[in-house]
Amino acid sequence: MKQLILDADKCTSCLQCELACSLEHEGLFAPAYSRIKVFEFEHGKRNIPYTCTQCDEAWCLHACPTNAIAINLELGTKYVIEDLCVGCKVCTLACPYGTINYNAKSGKVTKCNLCSGDPKCADACPTGAIVYADPQELTV
Amino acid sequence: MTWHGKVLIADLSANTVRTEPLNQAWADEYLGGRGLATRYLTEMMNPKADALSPENVLIFATGPMTGTMASTSGRYCVVTKGPLTNAIACSNSGGKFGAELKYAGYDLLICTGKAVKPVYLLIEDGNAQLMPADDLWGTTVWHTEEFLKEKHKDPQIKVASIGVAGEQGVKYACVVNDLHRAAGRSGVGAVMGSKHLKAVAVRGTVGVPCANPERVMAVTKETHQLLKDSDGRRELTEFGTNAMIDSMHAFGGLPTNNFLKMTFEGSKNINPEAMKTPNENGHTNLITNKACFGCTIACGRIAHIDKQHWSVRNRENYHHASGGLEYETAYAFGPVVGVDDIDALTFAGYLMNEHGMDPISFGVTLAAAMELYELGILTNEHTDGVPLNFGNAEALTIMAEKTGKQEGFGKELGLGSKLLCEKYGRPELAMVVKGQEFAGYDSRALQGMGLGYATSNRGACHLKHDVFAEDMADQSGDGKAVPCKNSQDQIAMIDSTGLCLFTTSAWDTDAFQRQIAAACGDDWTREKLLESGERTWNLERLFNLHAGLTAADDTLPPRLLETPAPEGVAKGKVCELDKMLPEYYSLRGWTDTGIPTQETLSRLSLNEHAV
Amino acid sequence: MSDAHLDSEEGSLQITLSLGSGLLSKVDESYRDTSQTLAISEGITIDSVLNRLGLPSNMAVLVILNDALVQPSQFALQALTNGDRLSVMPPIHAG
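Going down the list, the sequences are from chains A, B and C. All residue numbers for the first sequence refer to the numbering used here, where the first residue is 11 and numbers rise by one. All residue numbers for the second sequence refer to the numbering used here, where the first residue is 115 and numbers rise by one. All residue numbers for the third sequence refer to the numbering used here, where the first residue is 300 and numbers rise by one.
Where hints are given, some of them may not hold.
What the hints assert, rightly or not - Taking lysine-lysine and the DSS-like style, the derived pairs with C-alpha atoms no more than 27 Å apart in a straight line are: (1) A:Lys55 - B:Lys421; (2) C:Lys325 - B:Lys390; (3) B:Lys382 - A:Lys55.
Said to hold, decoys possible - Now the stretches of chain A that chain B is said to cover, found in silico as 3 or more residues with beta-carbon under 8 Å: (4) 11 to 25; (5) 28 to 42; (6) 60 to 74.
Stated by the list, open to error - Which residues of chain C face chain B? A partial, calculated answer using Cβ under 10 Å: (7) Ser317; (8) Ser320; (9) Met358.
No lab work stands behind these hints: they were computed from the structure. Here the structure is a predicted model, which is why all the values come from computation and not from measurement. Positions of the beta carbon are idealized from the N, C-alpha and C atoms, including for glycine.
Isolated chain A (complex conformation) (with noise of 0.2 Å):
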């Protein structure tokens, strides 16, 4: 199955990543709503990109009392449902990667989708920092 990888080596710290995802959930160029962040250690020694890593065991999921998190089969993710979603944060602190968060706008939460299996944040990446693709598929 294909998933985001994630190479921080190759990360500028450009924000192409997070200025594509505001776009596409927000409609406008927004990083703070951006569903990916690019996070800089050391006067820009390291730059990491960072998002959700669509776990296993979700549990965001599980702790969502309203059933407002849902699996997608196909493309392995877990996205919210914005209709049952009633912005109780629970699943933000079920979280131990911080990757899903409320999204005081709304008033819910948001997270990785994938863009529904095509992800804009790849697409705009300039230097394969991140890549959609299969890992078994992968030779490197």
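For chain A, the structure is supplied; the task is to place chains B and C on it using the hints.
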């Protein structure tokens, strides 16, 4: 439309902030960024006012493309009257601060007056407040940024600040954002210091609207691809701007020892190859390359200093990684002062960022001091006992630190080359135009560069024109006025977009036009864009004329006009400015004393700004 | 500085070749040095040296021969001679 339509005005004298609607008519004439800020500046201040007085106005301006997904969309400009030049200053910076300002809901930030006590400006999503900065005053840029992120418990806050150099009026103090990017030139940091404004801290989640996402994305993808496929871009990514140092040395246009020489054998010790080659301790200077916001080029270098090097051996606070050598820093700490110790150069770069100073002006000022020292005019008594010979790497780092902290002879170096050389009776040794120091190109070898330097509205600058191709093709002044004038207008336009000049490695004016039309509307034709650039150039000129500058300021030091090039491809040549300048004035539609004619003013709708 | 290259194009004459850092990854491995002496035969042109280095023929380079700039149109015409100093550099642009 990618504007918020909001200008934040911080009245430092009154200790208040307010929001005003963006003057859309001006945005339509000047595009944004550099041009729009120039229009605001001419409206809000008397050009004759002292640059370090409360009457000066300090503007941080984004462009219409700032914060969008266009490549290099992180740029902002600081526009004010510069204390180094007493002319208009326009300093452009990358990093992440500019985009964050836009994301906080503001297109421009305008600071007026002077705070009674030190303050910093905190901006969060449409809210702004002035906060006391007494505990930050006297501290470094690096401390200030860390302190503000800690205080406000938000590592995502972006900070633009000044160091002690800016507080104490070093003529070439800069505004540093994101630790190692800077609005570097003309002393904009000293203006900030004169206003008692220590820092601007911004957090923005409002974002930038995108009216037509499909079209914007289509153009964005296409222009990203142009950059991806460009050889020039590839070179910037792989080697950074410092790839130039080998070329300029071979060409014989690399200013060395305060422009006494034009080649520097030591350049092989500070070039991109040296940056990535391990030294005898196994230490490699370069760590990685790094992008500014939105940039798919990533020309920035992240480096570190050898922990065993004498400059930092017992100073662990400089053992971390930070911004590394670029061409202009390599030139300003290298050839122009005769130093080729890569760790010393890198350390000097750290000190510039930490204390907030322009490397070019510092390096060239030190070079002038070194020449004065070698002539016996300055002695160890003046220089705190430090021998200021060309090539003394220790003198470079000691003086960088003394200037940053404004101690001892550093106070004199903080004057800049012009005032320093005047003070010691040798004004001709100052390698400046309008008081601002030259970048790393000798205009005896690059004639069009000489014309660009002489006519640049902010004093000597290599980034306001692009005549490189013509200067490579022939070493005379013939035919340089046209490309100089045209590229000045084009770059004034680019600086007004919020995008980076280095994209011209792949983008022509049409490539900019497609992006701006998609974001701002189809009335932005190629012609309208270039006309807005020309209008900006002329308005800057008019500001300077009102400030008291004249055609006599459009000149170069005698070393470039009278002393034949000692070596290189242009050996025996001087800069033919006297030939190029009249042609340039005429092309611009200016009188032979450099004043825009009535006809030119009317054509550019600048009548109200007539001298 | 590396020793004179001995290869099939070796000749009795020697020139000094300087290469810009930016070109090192683009020339053939045996020439990856910023400064080297090169053995050439009489009458060899700049074009043939660039070719021998392995630089793509359409690549823009700045060529300086004994402190004089050589325009690209002259690359195929300009012959080299013993003791020449040849610099091949990346083109110059804003930095």
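Cross-check of the supplied hints:
1. A:Lys55 - B:Lys421: holds, 16 Å
2. C:Lys325 - B:Lys390: This hinted pair holds, its Cα atoms lying about 16 Å apart.
3. B:Lys382 - A:Lys55: Cα-Cα ~25 Å, so holds.
4. 11 to 25: holds (count 4)
5. 28 to 42: The restraint on the stretch 28 to 42 of chain A holds, since 11 of its residues have a Cβ under 8 Å from chain B and three suffice.
6. 60 to 74: violated (count 0)
7. Ser317: Check passed: Cβ of Ser317 (chain C) comes within 6 Å of chain B, closer than 10 Å.
8. Ser320: It holds, given that the least Cβ distance between Ser320 (chain C) and chain B is near 4 Å, below 10 Å.
9. Met358: Met358 (chain C) check passes; min Cβ-Cβ to chain B is 7 Å, inside 10 Å.
Hint violations for this structure: number 6 only, all remaining hints satisfied.
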